[in-house]
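Required output: the full structure, derived from the provided sequences and hints.
Taken in sequence, the protein lines are chains A and B.
Counting from 1, position 127 in the first sequence corresponds to residue 127 in this note's numbering; the numbering is continuous, with no gaps.
Counting from 1, position 447 in the second sequence corresponds to residue 447 in this note's numbering; the numbering is continuous, with no gaps.
What the hints contain is simulated information worked out from the structure, not anything from laboratory work.
Possibly wrong hints are sitting among the right ones.
Because identical chains cannot be distinguished in the list, a pair is counted as satisfied if it fits within a single copy or across any two copies.
Said to hold, decoys possible - Each computed DSS-like pair below joins lysine-lysine, with the alpha-carbon atoms no more than 30 Å apart:
no.	residue 1	residue 2
1	Lys-291	Lys-163
2	Lys-18	Lys-33
3	Lys-160	Lys-429
4	Lys-429	Lys-164
5	Lys-164	Lys-277
6	Lys-490	Lys-425
7	Lys-33	Lys-429
8	Lys-482	Lys-291
9	Lys-160	Lys-10
10	Lys-234	Lys-432
11	Lys-291	Lys-279
Since this is a predicted model, take the numbers as computed values, not measurements.
Protein chains: 2
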Amino acid sequence: MFEAVELGQKLDKQSFKKQERVLRTQLNELQRKLADASVSTLIIVAGVEGAGKGDVVNRLNKWLDTRGIQTHAFWDETDEELERPDYWRYWKRMPARGSISVMFCGWYGDPVVQHMRGEISDSELDEATRRINQTERMLCQDGMLIIKLWLHLSHKKHVKRAKKKLNSKTQVPALEGKLLDKEQYQSLLTTAERTLRNTDTGASPWCLVEGDDTRFRDMSVGLALQEAMERRLKQQVMADTHIELPEPVAAKGEHALTILDKVDLDASLSEDEYREKLKFYQARIHELSWKAFLAHRSTALVFEGWDASGKGGVIRRLISPVDARLYRVISVAAPTDEELAHHYLWRFWRQVPRSGYMTLYDRSWYGRVLVERVEGFASPDEWRSAYLQINHFEEQLTDHGIILQKFWLHISPEEQLERFRDREKTPWKMHKITDEDWRNRESWDDYKAAVNDMIAHTSTSNAPWHLIPSNSKLYARIKVLKTVCKAMEKALEH
Amino acid sequence: MFEAVELGQKLDKQSFKKQERVLRTQLNELQRKLADASVSTLIIVAGVEGAGKGDVVNRLNKWLDTRGIQTHAFWDETDEELERPDYWRYWKRMPARGSISVMFCGWYGDPVVQHMRGEISDSELDEATRRINQTERMLCQDGMLIIKLWLHLSHKKHVKRAKKKLNSKTQVPALEGKLLDKEQYQSLLTTAERTLRNTDTGASPWCLVEGDDTRFRDMSVGLALQEAMERRLKQQVMADTHIELPEPVAAKGEHALTILDKVDLDASLSEDEYREKLKFYQARIHELSWKAFLAHRSTALVFEGWDASGKGGVIRRLISPVDARLYRVISVAAPTDEELAHHYLWRFWRQVPRSGYMTLYDRSWYGRVLVERVEGFASPDEWRSAYLQINHFEEQLTDHGIILQKFWLHISPEEQLERFRDREKTPWKMHKITDEDWRNRESWDDYKAAVNDMIAHTSTSNAPWHLIPSNSKLYARIKVLKTVCKAMEKALEH
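The following block contains the structure:
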């Protein structure tokens, strides 16, 4: 595939200067228009050793308005990064709506280098590119413009550049590119070809750039950028005039049977049994939390459920035996404006815990397919594509070794009514009941359908949903504690 | 001082239960009221080994609504933290307005442990507490409620608890407290006394708690919290009815002579000289940036100046010879809502770079004493206290080894007018000129007075201001490049 860009194309100084003047003005204008349209732009600059990634990035910083652009390299990972799933460091640096991030190699860096060195197999490379595609597709769906540039170089030129660098007096040994012989170089190209082929998608295609002549290279990059930005702006106009399709009728209604109807709401526990078991499981949780800490295994527990189903009470019983240094409770409320300026999963990525800690989510990323779906804050397209995105997100957490368990606390509408009334009567519970709770109650059936879909789409063996009968608070608490113990014990066995 | 809390006070189970019921309701209510009043609360739980800091924190998490409370320990520092000034890790975890942070020991942890071990002298401990006082005063001025709890224990009880822990089966060797003999224990108390005495200020006083009896201890903590929260709410009412004092008349007017009038605006440079010097200094910047990276020295360059004074052009010339992986340009625009929910320096703390990198600020924290002062976004109290706060902030940067240089690009009003008109005529510069620029121009004299005060108050030997004559863009660029080179060379000599 790279023969196509080994053509020896050149650009003389004068033509470059002339073209640059025009291009720069246009790029500046396009940047402003994209900012006005709140489009986030991700530019990935990758390529062979010596093809001039750094020079290209510097050129872009010169051509574009530096105020809206951030450059990110991933070359000296911190331990904070190593203690989290791979993609955490990319999410941390995602461009906000209206701004541009330039990434050196981005998520392509690791798999390409590892495959070239023979550290990962072909199928592992394919697996890595599958994750890349999922991520890029998700970001594009969210409106991001992704521009991927691969800078190519003939082997002859590569040797010349590498030698020059080795002789330069400002050499920084650890960072400068190595000189690859013909065979090594071919192996890099083989890896690159497989990677590019796998990830050359319609939504985020690759742009191959011939890098032998620096002026031709930079101008090609500039023109590619211009084209991609212009195309994106045209799409924007189309998107703005796009007619929303009518929402398909979801399975709902009082008589539609869902998985929730199978939950045995009569399950209960006596006070005595409860006390005994609570003591037993809390002691185990205490031990397990330290064991997990020492084994650098994180635990993430997601709690969703009807209003007044007792999430807070369950969470309190879970954390009370755990050392306060080891856990964190994240209560998911309305997103901040910084969070709104990113893909909705961004705010959950930024809170992914370091290794060894317990994180308890009082509501979670599932808001997308629950409240946002039912209240219409997310369009059907958005919440429907969220299932795949969530599974993909959770897969990355569990692949990193995070123990992930999800709980739906289920109560009957009658039980809820009783609890609402009780709350209204108890002075220190009164604040817990709001008009919104009463409104949500009216949408019970819509929520029920949403919960059913959610469980059907996102209960995986790695990150299962547990439906907890919660008409009896005592029963629910013990059930959750027991489930958490079991999951942690199983995970820590290995 | 600790004799006062070695009284052997106890609380029986029944009384505790009874009091707890009342207290819990009240604490919950107070928490809600503070949240409604957008007060941020910082609770620091410190004390001797074995006094039960963890238990107290767990109790607070039980009593308060976990939704508005975060617990932070500082016991396993990451390299990201070590690569930044000490306080970065505390700023990262500052409570937002309306929420509560509980910190284990907080900024008291390091100095107390180091002094007790004899690693730092009395005067170094005093120096550390001075920094603590500055920080706490600043946060209190910003409306934060700081509650500091010191849990005390008799030596007898300390021995008993430590032994029990050593025998416990869930022992975690690296984390459990050590058993201190009488002499060591006395030395800890001596350190503690010095620390507490130094930092027991009116704005954030210490509360000493007798910890021998756990129920008495927890109830004391709860009551202390209740009292502090109630007092803070009363203050709030007073603050709301507070009558703003008239703003004192600042030295301004066209004829008031300021330091800016001494700038030789005729300084210029020929095209030829410029080219030659640019080449020379850019080559040096290139070398110095790598040298600084390898020496783990960061450089922070602050650019302020009149509209159209050429900040962007200077910054571009500075970064173009630097590897794109080594620098970051931060353009300071309007704060996000997350940033607004903290002290105004918070957003600059969160961007403090890791060791070895260059950060260029296109506008900076000085907005507080420039635009915010002139436009009235900050009250006179606020911008006047900002000088000290900024000096304190910058001192922490330079103490950490960050090379900090600040530039004011100075032009005459006539030159500005010419540049504005030029911008309006040039298609690719047009976007740079807005109505706001014209409006700011009308407040020239107010800005001039603000700049003068700023330089008088914040130009320190560690972090000097450089007044750059910028009527000639060529001259200004070379002058800045040269100054940066000099500062980096001097710093890297050592």
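Right, here's what the structure says about each hint:
1. Proximity of Lys-291 and Lys-163 under a CA criterion of 30 Å is satisfied inter-copy only: 22 Å between copies versus 52 Å inside one chain copy.
2. Taking identical chains as interchangeable, the C-alpha atoms of Lys-18 and Lys-33 lie at most 30 Å apart only when both belong to the same chain, with a minimum of 24 Å there against 65 Å between chains.
3. In this homomeric assembly, Lys-160 and Lys-429 never come within 30 Å of each other (Cα to Cα): the closest approach is 75 Å inside a single copy and 40 Å across copies.
4. With identical chains, the CA atoms of Lys-429 and Lys-164 are never at most 30 Å apart, being 73 Å at best within one copy and 38 Å at best between copies.
5. For the identical chains of this complex, Lys-164 and Lys-277 are inter-copy neighbours only, at 25 Å across copies versus 72 Å inside a copy, given an alpha-carbon limit of 30 Å.
6. Taking the shortest Cα distances, Lys-490 and Lys-425 never come within 30 Å of each other, neither inside one copy (43 Å) nor across copies (71 Å).
7. Taking the shortest alpha-carbon separations for Lys-33 and Lys-429, only the inter-copy value of 15 Å comes in at or below 30 Å, while the best intra-copy value is 50 Å.
8. In the homo-oligomer, the alpha carbons of Lys-482 and Lys-291 lie at most 30 Å apart inside one protomer (17 Å), although the nearest pairing across protomers, at 56 Å, exceeds that limit.
9. Taking identical chains as interchangeable, the C-alpha atoms of Lys-160 and Lys-10 lie at most 30 Å apart only when both belong to the same chain, with a minimum of 17 Å there against 82 Å between chains.
10. Taking the shortest alpha-carbon separations for Lys-234 and Lys-432, only the inter-copy value of 25 Å comes in at or below 30 Å, while the best intra-copy value is 48 Å.
11. For the homomeric pair Lys-291 and Lys-279, the shortest alpha-carbon distance inside one copy (19 Å) is at most 30 Å, but the shortest distance between copies (59 Å) is not.
Comparing the model with each numbered hint stated earlier shows that hints 3, 4, 6 do not hold.
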